[in-house]
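Visitor: Here's the letter readout for the chains.
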Amino acid sequence: MAEDTFLTDDFVRQLINVGEVDILVGLPTHNNATTIGAVVQSIQSGILQWFPRERAVIINPDGGSRDGTPELVTGISIDDLRPVSNLHALRTLHSISTRYGSSPSRTVAFRTILAAAELLRAKACVVMSPESSSFEGEWISKLLRPIRHDSFDLVTPTYRRHKFEGLLVTNLLYPMIRALYGLRIREPYTREFGFSGRLGGEFLLQNVWDDATGGHGIELRFTLAAITGQQRICQSFLGQKDHVELRSADLVPALRETVGPMFSALESTFTAWSGVTASQPVPTSGPDHEALLDPMRVNRKRLREMFSTGVAELETVFHSILSPSTLAELQRIAGLEEADFNYPAELWVKTVYEFAVSYQKSVISRDHIIQALAPLFRGRVFTFLVENRNGSTEDLENNIEGLCLEFERWKPYLLQMWKSRE
Amino acid sequence: MREMIISELSQALQELARGFAHYLPRLIVMLILAFLGWVFAYVVKTVLRSILRLIRFDKLSENAGASQLLNKAALPSASEVLSRFVFWLVWLGFILLGVGVLGILGLQEQVAKFFFFLPRLFVAMFIMFFGLLAASFFSRAALLAAVNANVPSPRVLSLAVRSVIIVFVLSIVFEELGLAEETMLVAFGIAFGALMLGLAIAFGIGGRNLAQGFLEKKFVRPKKEENEDEPSPL
Numbered sequence: 065m066a067e068d069t070f071l072t073d074d075f076v077r078q079l080i081n082v083g084e085v086d087i088l089v090g091l092p093t094h095n096n097a098t099t100i101g102a103v104v105q106s107i108q109s110g111i112l113q114w115f116p117r118e119r120a121v122i123i124n125p126d127g128g129s130r131d132g133t134p135e136l137v138t139g140i141s142i143d144d145l146r147p148v149s150n151l152h153a154l155r156t157l158h159s160i161s162t163r164y165g166s167s168p169s170r171t172v173a174f175r176t177i178l179a180a181a182e183l184l185r186a187k188a189c190v191v192m193s194p195e196s197s198s199f200e201g202e203w204i205s206k207l208l209r210p211i212r213h214d215s216f217d218l219v220t221p222t223y224r225r226h227k228f229e230g231l232l233v234t235n236l237l238y239p240m241i242r243a244l245y246g247l248r249i250r251e252p253y254t255r256e257f258g259f260s261g262r263l264g265g266e267f268l269l270q271n272v273w274d275d276a277t278g279g280h281g282i283e284l285r286f287t288l289a290a291i292t293g294q295q296r297i298c299q300s301f302l303g304q305k306d307h308v309e310l311r312s313a314d315l316v317p318a319l320r321e322t323v324g325p326m327f328s329a330l331e332s333t334f335t336a337w338s339g340v341t342a343s344q345p346v347p348t349s350g351p352d353h354e355a356l357l358d359p360m361r362v363n364r365k366r367l368r369e370m371f372s373t374g375v376a377e378l379e380t381v382f383h384s385i386l387s388p389s390t391l392a393e394l395q396r397i398a399g400l401e402e403a404d405f406n407y408p409a410e411l412w413v414k415t416v417y418e419f420a421v422s423y424q425k426s427v428i429s430r431d432h433i434i435q436a437l438a439p440l441f442r443g444r445v446f447t448f449l450v451e452n453r454n455g456s457t458e459d460l461e462n463n464i465e466g467l468c469l470e471f472e473r474w475k476p477y478l479l480q481m482w483k484s485r486e
Numbered sequence: 043m044r045e046m047i048i049s050e051l052s053q054a055l056q057e058l059a060r061g062f063a064h065y066l067p068r069l070i071v072m073l074i075l076a077f078l079g080w081v082f083a084y085v086v087k088t089v090l091r092s093i094l095r096l097i098r099f100d101k102l103s104e105n106a107g108a109s110q111l112l113n114k115a116a117l118p119s120a121s122e123v124l125s126r127f128v129f130w131l132v133w134l135g136f137i138l139l140g141v142g143v144l145g146i147l148g149l150q151e152q153v154a155k156f157f158f159f160l161p162r163l164f165v166a167m168f169i170m171f172f173g174l175l176a177a178s179f180f181s182r183a184a185l186l187a188a189v190n191a192n193v194p195s196p197r198v199l200s201l202a203v204r205s206v207i208i209v210f211v212l213s214i215v216f217e218e219l220g221l222a223e224e225t226m227l228v229a230f231g232i233a234f235g236a237l238m239l240g241l242a243i244a245f246g247i248g249g250r251n252l253a254q255g256f257l258e259k260k261f262v263r264p265k266k267e268e269n270e271d272e273p274s275p276l
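These protein sequence lines map, in sequence, to chains G and A. To convert, note that position 155 of the first sequence is 219 in the numbering used here; the numbers rise steadily by one, no gaps. To convert, note that position 121 of the second sequence is 163 in the numbering used here; the numbers rise steadily by one, no gaps.
Everything labelled a hint here was simulated from the structure, so no lab data went into it. Any given hint could be a false lead.
What the hints assert, rightly or not - Below, simulated DSS-like cross-link-like pairs (lysine-lysine); rule was C-alpha separation at most 25 angstroms, straight line:
hint, chain 1, residue 1, chain 2, residue 2
1, G, Lys425, A, Lys155
2, G, Lys425, G, Lys365
3, G, Lys483, G, Lys425
4, A, Lys87, G, Lys483
5, A, Lys87, A, Lys101
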């Protein structure tokens, strides 16, 4: 088996001691001592409350934590829950921690979880983020029930989140994946999701572990594999998602983690997306979106400045990536005053599609292509913020829907460029 | 007297004829070698051009920035230039072999030197090409990183990276070719030192406020303020 080559003997021995399970909870960690205790307790209470008769295990692949995270995971006993709840364990809930390396890698961690699921013949699996402070035990049920009871293969979450958070998802990932593959999955890239043991086993055998994208965005590639493999996919509303503390410097890593794998998958999945002409909703438990409208401080001026600087300074790079007409239009809007600035949806869609084709042609280093998208994305974010500054949830949804329809309308343009490439 | 002149003249003519007869076969051999060399060089050029097109050498050269240099000099594409260069090199090699057959002493020594020089020339060209490729890659990486980090004057930074790498590559190339090694070493030392000094002065005087701002932002200002600048992408 493939997993024989990278799982440690000690880890395999612990898995053998567990035997077969019905439910596997994957919890990849790296220095999460501050939040991991509450997360593990929520997982345990979720399993006790919703799946008391199921055989369950928590698998914790750790990327070299130095703050005692693995010890915390394995040290929390299910008995600790009893004083605060009336839950009683009918079966032993195992917690196994394994250190896969000295530095964190989401790809290796996920592969470890899949390999463990395969060895334990887990019927349903769920991966949870160790950082979530809003995590509740009920999330386990919401992500696992559709698999255990309705035979779905992948359950992606939907959240209640601030209208200006997750802008890469709302302005690029969701609309483009929807236009390409025809499925309206609101959170195609997520760190909390459920999947069947069968889907996990199939993905484990795919040749995705050492490819050209450097192992980035394994979660997104898993979602794409489920879509192109025509697996049964649904969404489940979990509740409010934490405010994510990210800095502006985190945009390029986020693009590498998501847009890179999405562009990279276009070649291998061409037959799956080239014939799709419209999109369909996926079955959803609860609302597929909810937005918080609280005011948020955003430095819009800085976003526009970084866009304009990027367009001016990266002109030589954009010459290799964009068509002359698109570049000329970007240069025109880069010169506009803040009050007049508008990066329209149509131009944004053309920009993204031209980037995707250039990525495929490798006109320059692929990582440089991804980096070059960052200033343009900031320009698009500026327009999105202005358009939705005072808008209601419905206005916001209409705006996103309009962008999605632009992505769908311009898909023939992508296909035309794709077919005429060298 | 008259007979003596005629005799000397005929003797000289005979020697000339003898000499010509002696060299004629060698000359023919040289011409045959030159002809064969031309045919061989032409075949090599054609094959090389096909291989370069197959491996998209022009795209590589475009990435390295070599194509832009060729365009400015009104030269054809990089693959064409390289295949023509190899054609002339191979043909010249055959011609020099032919010249060697003529048995002219001084010339033979020069021919030997030429063949001795060839491997170094190829290594130098190899270093130059990949040096340009590296200069282009790293200068673009610096440009993108500077733009995304909102560093002022990103092109200057990118140009500095490119210049340092090209100066370094040129010094290696000249050393490999064995051309004015000492002069090049001194010139490289002066150019590199001047560049570093210039950058140090520029950053020290011109960028004092910038450096202060950068360090404050990095270490003093609380992260929360930075977070409020931009919404989370994911």
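Visitor: Would you pick out the hints that fail for this structure and give their numbers low to high?
Guide: Of the numbered hints, 1, 2, 4 do not hold.
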